[in-house]
Structure formats: structure tokens, C-alpha cells
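Engineer: All chains should be modelled from the sequences, with the hints used to inform the complete structure.
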Amino acid sequence: MTLNWFKFASPASFYPIAGRLIPVFWILTLLLLAIGLYWGFFETASKLGGSNPQKEYYRIIFIHVPSAWMSMWLYIVLVGWAAIGLVFNTRLSFMMANAVAPTGAIFTFLALWTGAFWGRPSWGTYWDWDPRLTSELVLFFLYIGYIALHSAIDDTRRADRASALLAIVGLIMVPVIFWSINCPDPNQCAALHQRSNLTRIDGNILFSMLTMTLAFWMYGFAATFMRLRSIILTREAENTWVQELLNARRQA
Amino acid sequence: MLRVFWCILSRDLTLAMRRRTDVLTTLFFFVIVVSLFPLGVGTESKALQIIGPGVVWVAALLASMLALERLFAADYEDGTLEQMLLTAQPLSLLVLAKVTAHWILTGLPLVLIAPLVGMQFQLTDNAIIIMMLALLVGTPILSLIGAIGAALTLGLRGGGILLSLLILPLYIPILVYGSGAVEVSRIALADTQPYFALLGAFLLVALIFAPVASSAALKISLE
Amino acid sequence: MSEFLSQGGYGFFVWGAYGMVAVLLVAEVLQLRAQRRTIWSRLGRLTRMRDTGGTE
Amino acid sequence: MLEVTKLECRRGDRRLFTDLGFALNAGTLMHVRGRNGSGKTTLLRTLCGLFIPDEGEIRWRGESIRALAEDYRRDLLYFGHTNGIKGELTGLENLAIGATLDGDRLSEKAIWDALERIGLTGFEDLPTRMLSQGQKKRVALARLILTKAPLWILDEPFTALDVDAVALLQSLIADHVAAGGIAVLTTHQEVPLTSGQIEQLNLGN
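Protein chains in written order, with the numbering used here: chain A, 35 to 286; chain B, 13 to 235; chain C, 7 to 62; chain D, 2 to 206.
For the record, the hints were derived by calculation from the structure and aren't laboratory data.
Heads up, the beta-carbon is just placed ideally off N, CA and C, and yes, glycines get one too.
It is possible that part of the hints are untrue.
[Stated by the list, open to error] Derived lysine-lysine pairs resembling DSS-like cross-links, with alpha carbons at most 30 Å apart:
1) Lys-231/B to Lys-7/D
2) Lys-149/D to Lys-110/D
3) Lys-149/D to Lys-231/B
4) Lys-231/B to Lys-110/D
[Claimed, not checked] Label pairs and their calculated CB-CB ranges:
5) Arg-67/D to Ala-202/B: 48 to 54 Å
6) Asp-219/A to Asp-105/D: 52 to 58 Å
7) Thr-19/D to Ile-51/A: 22 to 28 Å
8) Leu-36/B to Arg-106/D: 49 to 55 Å
9) Thr-19/D to Leu-219/B: 40 to 46 Å
10) Arg-56/C to Thr-6/D: 55 to 61 Å
11) Ala-46/A to Leu-36/B: 40 to 46 Å
12) Glu-89/B to Thr-159/A: 36 to 42 Å
13) Ala-213/B to Trp-163/A: 21 to 27 Å
[Unchecked claim] Which residues of chain C face chain A? A partial, calculated answer using Cβ under 10 Å:
14) Met-7
15) Phe-10
16) Gln-13
17) Gly-14
18) Met-26
19) Ala-33
20) Gln-37
21) Arg-39
Structural biologist: As C-alpha cells, then:
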């Protein structure tokens with residue numbers, strides 16, 4: 035099978051594809067959100083017993099965990115596109131990395147915010163120097179750094195490449211940073227203790243959490259593609275296909 | 013290889029000797045920042061001993077950050093950096109030589125002045141020795157990682173602030189283990205060993221990868 | 007309804023968290039739509055300028 | 002020796018040139034002409050390997066310059082808008098460092114001679130920041146005397162030079178081409194050759 039991937043990798047041909055996909059992702063987002071929220075609020079117990087009793091505020095988990103997962107996943111996606119761009123010198127992949135970054139930063143902020151609102155009733159404090167929270171904060175800084183570097187450079191090509199390299203360096207450093215925060219004293223870090231465990235969670239809670247994660251994921255696609263289309267339009271403004279599109283729009 | 017490394021190293025050291033103030037600025041910045049803390053936090057010796065290692069390390073991060081902005085900037089402005097990219101030598105070797113010179117000029121003085129600063133915070137003799145050793149292993153890592161950021165932000169408006177935004181988060185592991193080693197030395201000297209093992213490992217990894225990443229960044233910035 | 011809103015007395019935390027998510031995600035979408043409109047109008051202006059410049 | 006095929010370069014959203022191709026043999030001088038912003042400097046930087054083209058390939062002695070990397074750069078001398086000399090160092094030191102980086106082992110005598118020939122007798126061991134613009138440029142041009150590189154890429158080498166220096170530079174380029182070298186330059190100055198051939202390349206329209 036000889037499929038020409040580079041044909042789809044050109045901004046001109048991906049622009050209409052993204053345009054057709056956006057409504058699909060919106061429908062999926064709203065549908066999954068409706069299911070996830072309904073299930074999360076009405077089909078789950080209002081109080082959790084066990085060794086660490088949780089009251090109604092545990093429902094923040096339905097947005098907190100999906101935001102945290104998406105923030106990490108989108109960073110990996112960003113670095114993936116950045117690396118592809120650097121290796122193959124394809125313009126679309128840089129645009130993709132660029133489009134992902136703000137949405138990723140928003141999810142990171144939301145993970146921190148919802149974490150704080152969950153931490154206050156359950157731990158009694160909005161912020162704790164817990165390894166996970168701190169790592170999420172570092173991830174937020176990495177996103178901000180990527181966006182700041184990109185916007186500080188006027189030349190698009192240099193901006194794309196420089197911020198791509200920064201994102202890759204960041205990804206390499208993340209495990210080291212996480213490890214150092216998780217284990218500030220190497221004398222006591224023979225084994226990392228087990229933390230959360232998905233199988234221990236009640237089925238209804240797990241279901242709404244996963245549904246919400248999917249909803250956020252679909253939202254991520256929709257928002258990223260919307261931003262991608264804007265980026266393509268700005269950067270390809272000189273090309274004839276944009277002009278044709280513009281004429282068609284004016285006639286309609 | 014060695015000849016080229018030595019050529020760049022001695023070139024950068026000569027340049028710095030003909031414009032000495034740059035070196036001294038970094039050193040005095042470090043001393044001043046560290047000296048401000050007791051004035052802000054209070055001069056009680058117990059408190060000083062606890063915050064001392066962290067303060068010294070944060071000041072070292074900031075001082076090395078401050079100096080990094082100049083690492084490639086001068087060579088970028090007069091075009092010598094461009095010529096370096098076009099020589100028959102591997103760029104990462106030249107970068108490594110420049111970073112080494114930069115560390116000798118800005119990192120090493122911090123290590124040497126550490127005893128003085130340690131006394132300000134009433135650290136014990138052992139803690140001071142450990143602090144010097146930790147700085148000796150840790151500051152080259154700061155220069156190496158920082159070089160990547162310096163290369164990326166080359167010639168940008170407000171590059172210095174941007175540089176700290178990009179690089180400071182990456183310094184966290186060095187901060188954690190660098191100051192951790194000094195803190196633990198107050199309790200048990202033998203326990204500092206794993207800290208140095210980790211810092212040493214970081215240094216080795218940074219020595220191998222950071223020059224490669226910096227030279228890739230330089231190529232991007234000079235396109 | 008009010009029982010639902012109070013979330014067992016933890017309404018502030020639950021709705022504070024959910025509210026921020028809603029606000030930010032909606033804001034992002036609105037910003038993206040506005041950005042798109044600006045780009046189209048700017049492109050239109052540019053071509054109009056070029057067209058009139060070309061005929062003169 | 003130097004072949005360029007289907008070269009396309011963009012700056013930002015603008016396409017500077019596309020489908021550019023030429024081949025230069027030993028003993029050729031190429032003039033690159035074009036208006037401001039037509040991509041002369043970008044083309045020269047692309048030929049040096051400083052700028053990665055969006056399309057196309059550049060070959061040196063039949064091999065891609067990206068694959069050759071350091072081996073290509075050893076054969077190359079680039080002279081850009083900046084002089085590439087340190088103001089704090091003397092002319093001697095500047096040239097000695099440049100030669101070491103190029104992998105040449107030069108005697109101090111050779112550098113003194115080069116500086117003398119370029120008309121800087123008596124200024125050899127002054128920090129170059131104390132020299133005038135034209136003298137600084139002469140220090141940088143002394144590299145042309147010292148280098149053994151067969152490919153010279155010179156971006157506006159004649160600006161800020163006085164009549165004597167222009168004549169000297171013209172003769173240096175002519176000697177280089179006559180000896181079988183290649184020179185690519187952007188300039189409005191004609192270079193009379195003793196032997197070899199001249200190519201013209203017009204960018205933009």
C-alpha cells in the first residue's frame with residue numbers, strides 16, 4: 035500500500051479535513067460530557083467510606099483526574115509533533131505542536147485549580163508540596179516557557195524550531211524533575227510506595243471519570259483543530275488556495 | 013580536538029580578563045543576594061542554619077542565570093559565533109569549551125566564596141565543606157543546562173527574563189539534591205554520599221547531552 | 007435542587023472547581039472563534055487593498 | 002564542484018526563490034544580483050549550510066553538504082555582514098584563533114605577513130576595537146590571504162573599503178579564481194579576472 039502521507043501533511047489539504055472533523059468532535063464532546071456529568075452526580079454515592087472517608091467533594095475527581103491526564107498527554111503530543119517537525123522539516127507538524135500548547139496549558143492550570151479545591155476540604159489546605167502537585171506546576175511552567183519562547187521570536191521558522199527543541203529538552207527533564215521532587219532524600223527512596231490504584235475504585239466512579247476523560251480528549255481535538263485552522267490561515271495567507279477560499283466566502 | 017578546545021577556552025578567558033567587571037558582577041550579585049536573607053528572615057542562628065543551604069543554592073541558580081545571558085551574546089553580536097558554526101570543528105566541542113570557560117569565570121568563584129557565605133549562615137565546618145563540594149559538582153550542571161536556554165534565546169528582546177522562565181524549572185533537581193546534601197550533612201556526614209552520586213550522574217549526563225542540544229539550538233538561532 | 011447545589015455543604019469547593027473548568031473551556035472556545043473572525047476580516051482587507059492597488 | 006538543484010527558500014511566510022539551480026566548476030566567479038530583500042543573503046547563507054532550504058539540495062564534489070558537514074566547512078570560507086572579529090583581541094590573535102578553528106597550523110610569521118599585505122603594518126598588536134571600520138574589515142579580509150579553502154562565499158565584501166583595499170580585494174579574488182578556486186559574491190563592484198569565467202545569477206524579478 036503506497037499511501038502518500040505527505041499529501042495529508044500539507045497545510046492546504048489538512049485545512050478542510052480539520053474543518054470537517056471539528057463538528058464531529060464537538061458532538062462527541064457534548065455527548066460524553068452529558069453522560070459523564072450525569073453519571074458522576076446522580077449515579078454515584080454521595081459519601082465514600084473506607085480508610086479515607088470522602089464526602090461530596092470527591093466529585094471533583096471527575097474533572098481533576100481528566101485534566102491532569104490531558105495535561106500530560108497533550109505535552110507528549112506536543113513534543114511528538116515538535117520532534118517530527120525537526121526531523122522531517124514539515125511545516126504542518128510545527129503548526130500542530132503550536133496549536134496544542136495553549137489547550138495543554140489550560141488543562142494544566144485546571145488540574146492545579148481543581149486539585150487545590152479538592153485538597154482544601156480533604157487535606158485542609160489548598161496547596162501542599164506533594165510531588166504530584168509540584169510536578170504539575172513544573173509542567174505548567176514548561177507549557178508557559180514553550181508559549182513564551184515561541185511568541186518572543188518574530189521569525190516563524192526559528193520560533194517553531196527553537197520552541198520545539200525546548201519542548202523536547204523539557205520532556206527529557208520531566209522524569210528527572212519528578213523523581214527529585216518525589217524523593218528529595220535518596221537515602222530513603224529504595225522503593226516508591228504504591229499510590230492510586232484504578233481497580234480499587236468503585237465502578238460508577240471509574241465509569242464517569244473515564245467518560246469525562248474521553249470528553250476532555252475530544253474537546254482537546256476540537257479546540258486544537260480550531261486553533262490549527264487559524265494558524266494555517268495566518269501563515270499561508272500568501273498562497274492561492276487561501277485566496278480562493280476567501281473569494282468563495284465572499285460570494286457566499 | 014584538544015588543541016581546538018584549548019584555543020576557545022583560552023580565548024574566552026583572555027576576553028574576560030580584558031573586561032574583568034563581568035566576572036566580578038556575578039560574584040557580588042551572589043554575595044549580596046545571600047547577605048540580604050538574614051536581614052529579611054532574622055538573624056537567629058537556628059533559623060539561619062536551616063535556611064542557609066537552600067538560600068545559597070537559590071542564589072547560585074540566580075547568579076549563574078544572570079551570567080548565562082552573556083555566554084553567547086557577545087560572540088553573536090560581532091559575528092564570531094557565526095564563524096564558529098562554519099569552522100571544520102564539531103560545534104558541540106566549541107560549545108563545551110565556551111561553557112567550560114564560562115564556568116571557570118562564574119561558577120568556580122561561587123565555589124571559592126562559599127565558605128564566607130557559609131559563615132554568614134553559621135554553618136558548621138563540615139556543612140561548609142559539603143556545600144563547597146556540592147557547588148563544585150552542581151554549578152557546572154547549571155552552566156551546561158543553561159547554555160541550551162542561552163542558545164535558544166540568543167538575540168531576543170528581553171532574552172534574560174525569558175531565559176530564566178525557560179531554564180529555572182529545569183534546575184529543580186540540582187537545587188533539591190544540592191541543598192539536600194548540605195542539610196543532611198548536619199545530621200550524618202556519611203548520608204551525603206547518595207546525593208553526590210546523583211549529582212555526579214547528572215553532571216556526566218549533562219556533559220554528554222547538553223553541548224549537543226546547545227549546538228542544535230545555536231544552529232536554529234543563527235539561521 | 008438546593009440539596010443538589012449544596013453538595014452536602016461542599017458546594018463552594020465542588021462548584022468552584024467545576025465553575026473554573028467551565029469558564030476556561032468556554033473562554034478558550036470563544037477566543038478561538040473571535041480569532042478566526044479577525045483573521046478572515048484581515049485577509050479580506052488585505053486582498054481588497056491589493057485588488058484596488060492592482061487596478062489603479 | 003558546487004551543484005545546486007531545485008532550491009527553494011522561505012523567510013517567514015514569504016517565498017524568496019524557488020526551483021533555483023546552477024553548477025559551478027573550478028575557476029568560476031559567480032555574481033549574485035538582485036534587489037534588497039530578493040534573498041541574496043539567504044542564498045549565500047544556504048550555500049554555507051547555515052540556513053536549511055525548504056526544498057532542494059546543495060552538493061559539493063558530488064556529495065550533499067549536510068552529509069559532508071565538517072568536511073564541507075573545511076573547504077569553505079564565508080564572509081558575512083559582520084566582520085567576525087573580537088574587538089578585545091588584536092588582529093594577530095583574531096587571525097590565529099580563526100586559523101586554529103579552521104584546522105590550519107600557521108606560523109606567526111605568516112599572519113604578520115598577511116596583515117602587512119592587507120595594509121595594517123603597525124596595527125598588528127592593537128585591540129581591533131581601536132581600529133577604524135575600514136581597518137577592522139581589513140583584518141577580517143586578511144583571512145582570505147591565509148585560508149586554503151577552495152570555496153569563497155562573500156556577502157558584500159567591498160562595502161566600507163577604500164580604493165586601495167578594493168583593488169587589493171579584487172586582485173585576491175582574481176588570484177583565487179585563477180588558481181582554480183570558486184568565489185560566490187553579492188556586490189555591485191565588477192571584479193576583473195585574469196583567467197577563469199564569470200557567471201551571473203539574478204534573483205527576484
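Engineer: Does each hint hold? Answer for all of them.
Structural biologist: Going through the hints against the structure:
no. : hint                               : verdict
1   : Lys-231/B to Lys-7/D               : 23 Å, holds
2   : Lys-149/D to Lys-110/D             : 17 Å, holds
3   : Lys-149/D to Lys-231/B             : 25 Å, holds
4   : Lys-231/B to Lys-110/D             : 34 Å, violated
5   : Arg-67/D to Ala-202/B: 48 to 54 Å  : 52 Å, holds
6   : Asp-219/A to Asp-105/D: 52 to 58 Å : 54 Å, holds
7   : Thr-19/D to Ile-51/A: 22 to 28 Å   : 26 Å, holds
8   : Leu-36/B to Arg-106/D: 49 to 55 Å  : 36 Å, violated
9   : Thr-19/D to Leu-219/B: 40 to 46 Å  : 43 Å, holds
10  : Arg-56/C to Thr-6/D: 55 to 61 Å    : 33 Å, violated
11  : Ala-46/A to Leu-36/B: 40 to 46 Å   : 57 Å, violated
12  : Glu-89/B to Thr-159/A: 36 to 42 Å  : 49 Å, violated
13  : Ala-213/B to Trp-163/A: 21 to 27 Å : 24 Å, holds
14  : Met-7                              : 12 Å, violated
15  : Phe-10                             : 7 Å, holds
16  : Gln-13                             : 4 Å, holds
17  : Gly-14                             : 4 Å, holds
18  : Met-26                             : 5 Å, holds
19  : Ala-33                             : 9 Å, holds
20  : Gln-37                             : 9 Å, holds
21  : Arg-39                             : 8 Å, holds
When the structure is compared with the earlier hints, violations turn up for hints 4, 8, 10, 11, 12 and 14 and for no others.
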